[in-house]
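Q: What follows is the residue order along each chain.
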Amino acid sequence: NAGVTQTPKFRILKIGQSMTLQCTQDMNHNYMYWYRQDPGMGLKLIYYSVGAGITDKGEVPNGYNVSRSTTEDFPLRLELAAPSQTSVYFCASSYSKGAIGNTIYFGEGSWLTVV
Amino acid sequence: KQEVTQIPAALSVPEGENLVLNCSFTDSAIYNLQWFRQDPGKGLTSLLLIQSSQREQTSGRLNASLDKSSGRSTLYIAASQPGDSATYLCAVIYSPLVGNYQLIWGAGTKLIIKP
Chain C
1 NAGVTQTPKF RILKIGQSMT LQCTQDMNHN YMYWYRQDPG MGLKLIYYSV GAGITDKGEV
61 PNGYNVSRST TEDFPLRLEL AAPSQTSVYF CASSYSKGAI GNTIYFGEGS WLTVV
Chain D
1001 KQEVTQIPAA LSVPEGENLV LNCSFTDSAI YNLQWFRQDP GKGLTSLLLI QSSQREQTSG
1061 RLNASLDKSS GRSTLYIAAS QPGDSATYLC AVIYSPLVGN YQLIWGAGTK LIIKP
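Residue numbers (my numbering), protein chains in the order written: chain C, 1 to 115; chain D, 1001 to 1115.
Bear in mind the hints are in silico, worked out from the structure with no lab data behind them. The beta-carbon is built from N, C-alpha and C at its ideal position, and this holds for glycine as well. You can trust all of the hints, since none of them are fake.
Okay, the calculated beta carbon distance ranges per label pair:
hint, chain 1, residue 1, chain 2, residue 2, range
1, D, R1055, C, L80, 47 to 55 Å
2, C, N62, D, E1015, 38 to 46 Å
3, C, K14, D, G1041, 18 to 26 Å
4, C, N30, D, N1063, 26 to 34 Å
5, C, I15, D, S1059, 38 to 46 Å
6, D, G1083, C, S67, 33 to 41 Å
7, D, K1042, C, M27, 16 to 24 Å
8, D, S1059, C, D26, 23 to 31 Å
Extracted from the complex, chain C is given alone in its bound form (with noise of 0.2 Å):
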């Protein structure tokens, strides 16, 4: 009953490293995405996957890349990573585009701190 699985939880990058968010899920869901959440604020719709190989951006794709190889996995790549991108990082899955009329499920999180 794994649900939506990210890794890593925890990160710290330096200025201009790179890195790969992973995410996967069990559900069989053509639609996934990936959100940042920063303090205080909803969440934001960085990419989205409406199945394999399909992809698009959301509200901020800047500094972000995603890839949709299986309808499983849909990891989220960062390039030279800057302070900006400090956030916390959630990976979800719908049965549905944007969800309706169905819910969506997310995964716990990931933390990155850019120093």
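Starting from the structure of chain C, add chain D where the hints point.
A: Below, chain D without anything else, positioned relative to chain C:
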């Protein structure tokens, strides 16, 4: 542009009290509204999903109402318990363009139930 606001940002009440959390949205053309719970260091868990055609949904001690015309939803928690302490977020599914669906989030209300 759809905006979701949750007031207050934080709330502290004694155990046993009934309480109401508020969520307001600026555009009434929503598909549904969801309430989520977020525990420290954890991901988000869906609590209740209200379709745009519905007025309320209930789950145990939780009751969520939706008034699209006034752009408001409330989450009622009966007989509050210390275990209810968490941050509660609401989110709406919104379609600014035909075929384009977005999940817009409030910033959350941090609830503390004092024993």
